[in-house]
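Visitor: Listed here are the chains, written in short residue letters.
Number of protein chains: 2
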Amino acid sequence: MKPTLPIIPMILSRRLRASPFETRVTEQGVKAFSLYNKMTLPLVFDDLASDYEHLHSHVQIWDVACQRQVEIIGPDALRLVELITPRDVSRCEIGQCMYASLCDENGGIINDPIVLRLADDRFWLSIADSDVLLWVKGIAYGRGFDARVFEPDVSPLAIQGPKADDLMSDVVGEHVRDIRFFRFINAEIAGTDVVLARSGWSGQGGFEVYLQDSRKGSDLWDVFWDAGQKYNIRSGGPNLIDRLEAGLKSYGSDMTIDSNPFEAGLESFVSLDKEAECMSHEALQRISKDGPDKKLVNLVIEGAALGSPRSVWNVLDSTGEIAGIVTSQAWSPSIQANLAFAIVRSDQSDPGTALVVDAGGDVRTAVVRNADWTLP
Amino acid sequence: MKPTLPIIPMILSRRLRASPFETRVTEQGVKAFSLYNKMTLPLVFDDLASDYEHLHSHVQIWDVACQRQVEIIGPDALRLVELITPRDVSRCEIGQCMYASLCDENGGIINDPIVLRLADDRFWLSIADSDVLLWVKGIAYGRGFDARVFEPDVSPLAIQGPKADDLMSDVVGEHVRDIRFFRFINAEIAGTDVVLARSGWSGQGGFEVYLQDSRKGSDLWDVFWDAGQKYNIRSGGPNLIDRLEAGLKSYGSDMTIDSNPFEAGLESFVSLDKEAECMSHEALQRISKDGPDKKLVNLVIEGAALGSPRSVWNVLDSTGEIAGIVTSQAWSPSIQANLAFAIVRSDQSDPGTALVVDAGGDVRTAVVRNADWTLP
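Residue numbers (my numbering), protein chains in the order written: chain A, 1 to 376; chain B, 1 to 376.
Simulated from the structure, these hints should not be mistaken for laboratory data. Misleading hints may appear alongside valid ones.
Since the list gives no way to pick one copy over another, a pair counts as held whenever it fits inside one copy or between any two copies.
To be verified - In silico SDA-like cross-links for lysine to any residue, where the CA-CA straight-line distance does not exceed 25 Å:
#1 K216 x A227
#2 K274 x D121
#3 K38 x A359
#4 K216 x G360
#5 K230 x Q28
#6 K38 x A18
#7 K216 x S311
#8 K249 x R15
#9 K38 x F150
#10 K216 x L316
#11 K230 x H54
#12 K289 x S271
#13 K230 x P162
#14 K274 x Y141
#15 K230 x D46
#16 K216 x G252
#17 K216 x D258
#18 K38 x G191
#19 K274 x S288
#20 K216 x E321
#21 K289 x N370
#22 K289 x T256
With the rest of the complex left out, here is chain A (with noise of 0.2 Å):
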C-alpha cells in the first residue's frame, strides 16, 4: 500500500527561486516538489515507496540547493553565533559540522542549522526553512557586531545512500572515505571549488557537495550522473519514510519558534555552562530546571497505513483529554508500522504509554516508542 500525499499544482513565479540544479530534476522527471527557503525542493521522483526503496540500495542524488548558506565573517562572527545558539561553538573546529539549534531569548527555536566553520571569523550556517539572514542580521546590527552577514552563491547537492563512498571516491579521489562524520574538504568537482562535507538529510549516509558557482550546476550534476550509472544513480529528495525511519526532525513541522530544545529531544546540544554570552541562556536555564511542559515523541499508530497529516491530528489521553498533536507521519515499509513524531504533554512521554490518535475522523490507538522505534 502506498502512502497518499496531498498534492496541489503551483505557480512557480521569479519569488520562488529556481535551484541551480532545476534544469536537470526537470529532465530526471521530478514528479513532486516541495518549497523550501523561497526555493524548489524536488521530493518524489517515482513514489514514495520506492525512491525509499532504491535509497536503501543504491545511490541517489538530490537537489538540496534550498538549504541556504547564511555567512557571518568578521572578527566579532564567533561571538555573534555563540550569541545565537546554545551550542559551544567556540569547541567547533574548522573543517567540521555541528548540528545546532538556533534559540531566542524565549529559547524558542528559530531554526536547527548546520554550522560549518570554515575558518577561525568565518562560518556557514546551512538552514531549515526559515530566513535566518534576516535573524542574524538582524541582531547583528543591533549589537552592532563588526561581522558581516550575507546569503552567499552556494547551493548543496546531496549524494546519498550505501554506494555514495564509492561513487564519491571515484570522482574526487579514495581519500574523500576516510572524512570522518560533519567533517568537510574543500575539493574541486567538474572545474569549480566545492566544499564535501560528509552529512546529509537521510539515514543511508553520504555527501554534500556545496557548489559555489550557481552557473555551475548542470556540470556538477552531470559528473555525478556520469559517473553514479555503474552504481545505479537516480535522482531523489530528502524521503519522507526514511526520516521518520531515522528519526530526522523536520522545523517548521516538528519544531516551531513554539518549541524548545528541551521540548525538541535536543538537550544534548545545549550547553548551559559555555563561556560565551548567549542569548537563550537564561530562558533555557529555567526550562532544564523546571523541564519542558510537553515533549517531541516517537509514535506508532497503529492499524493500516495512514497518510500524512495536513489538518492537525490530534493526540488524546486515556481519558479523553487532548494532549497534543502529531507534527509527521508515514507508513514504514520496513517496520510496517505508521511512525509518527507528535508533542504530547511531558506527563504523557513516556516510552509505551497509550494514547489514541484521531487522523482526520479516523480514530486509532497508539503508543509512544523510543526513540529507534522499539518498545521499552
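Got chain A; can you put chain B on it based on the hints?
Guide: Just chain B, lined up with the frame of chain A:
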C-alpha cells in the same frame, strides 16, 4: 491567447501552513496556488484571463491569509517601527494604513508591508513574502527595546472588485462606503471581531478583512459568499494581469534585499528628514544624492503574447550589452501588449528608451513606458 504559467505539483506538508480559508478554497475548485510566507496563496480558479475579466466586472473573495501580521506592541513600539522604515510613521494615525518599505543599514529592502496603527503603542505590519518577524525580533533584542514582537492569529480575507462596496455595505452597513482609502475600522462579522480596511492587492478597489480567530475562517467566508451571490461573486486571488496593469510591484520578484527604494520607484515613501532614528537613513541619503545605479521600469515587449518568466530574461541595450533583467511579465488583454517590469541600468530607464528582451531565446524589441503604460 492565454498566457502560460509554469505550474508544478507541490506536496503540502504541515511545514507549509494551511490558511483558515483553505477548506472553502478547495471546495471552490482552486486550480493553482502560490506559496507565500510558508502559507498557501490561491491564485487561479478558472484561468488567469477569465479570473481577470471577472475581477474587473464583479466582486471576488480572496484568501490572502498568507499576508501575515507582525504585531509590535509596547512603550518602544513606535521607536522600533521608525527605526526599520524610512517612512515617517509618526504621522500615521490610529485607524490608518501606511505602505512602507523596510530597509536595512545599506538601504536594501527587507519587505514592503502595510503598516496598520492600532493604538499609539501597537502596530501590525501586514507583510509581503519574507520573515519580517525574525528581522524585527532580532533588532528589538539587539537594541534592548521594550516592545513585544510576535505573529498574532490574524488572517486577511480580501473582497475586491467594482461591486465590493455594495457587498460590504450589505454585510456590515452603509457606513463602510465612507471608509477612506487606506483607513480601517473595527467591525463584527460572522460573530467575530475583524479589522476592516479599504485596501487590497488589485487595481479594482475593495476591502481587506482581518480575521482574528483562525477557527472562524469558514464562517467569515460563508457570510460574504452568501451575500455575494446577487453580485455574481467568485473566488479569486491576486491576479498577475491586473497587478501588471495596475503597476503593483511584488517583493521577491520586482525588488529584493539587493534593491533600494530609489531603484524600486518608492522614493515618495522615503522621508529623509524625519526626526526619529532610522537605520537606513545614512545609506539612503547617499543613494538619494548619487542617484541609484539601476531602476525598476515599465516595459512593453513587442509581438505576440509571452508567458511568465521562470528563467532569467535579459534586457539588452541598443549596443547589445546587458542592461538588466525582466522581473515580472504578463499579456494584457486590455492594452493588447506584453507588460513587463524590468530592472535596468539608470541610463536606460527613461520612458521611450528602445531595448531588446531575450525571453528565453525569443528575442523581441521592447520600449520603456511611463508608470501608467503610456508612451512619453
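Visitor: Are the hints correct? Go through all of them and say.
Guide: We went through each hint and held it up to the structure:
no. : hint        : result
1   : K216 x A227 : within (17 Å within a copy, 55 Å between copies)
2   : K274 x D121 : within (19 Å within a copy, 37 Å between copies)
3   : K38 x A359  : between (29 Å within a copy, 23 Å between copies)
4   : K216 x G360 : between (45 Å within a copy, 19 Å between copies)
5   : K230 x Q28  : within (17 Å within a copy, 49 Å between copies)
6   : K38 x A18   : both (9 Å within a copy, 17 Å between copies)
7   : K216 x S311 : between (40 Å within a copy, 15 Å between copies)
8   : K249 x R15  : between (27 Å within a copy, 11 Å between copies)
9   : K38 x F150  : both (16 Å within a copy, 21 Å between copies)
10  : K216 x L316 : between (51 Å within a copy, 23 Å between copies)
11  : K230 x H54  : within (14 Å within a copy, 56 Å between copies)
12  : K289 x S271 : within (14 Å within a copy, 49 Å between copies)
13  : K230 x P162 : within (14 Å within a copy, 63 Å between copies)
14  : K274 x Y141 : both (24 Å within a copy, 21 Å between copies)
15  : K230 x D46  : within (20 Å within a copy, 47 Å between copies)
16  : K216 x G252 : between (30 Å within a copy, 23 Å between copies)
17  : K216 x D258 : between (39 Å within a copy, 22 Å between copies)
18  : K38 x G191  : neither (28 Å within a copy, 36 Å between copies)
19  : K274 x S288 : within (15 Å within a copy, 46 Å between copies)
20  : K216 x E321 : between (55 Å within a copy, 23 Å between copies)
21  : K289 x N370 : within (23 Å within a copy, 64 Å between copies)
22  : K289 x T256 : within (21 Å within a copy, 43 Å between copies)
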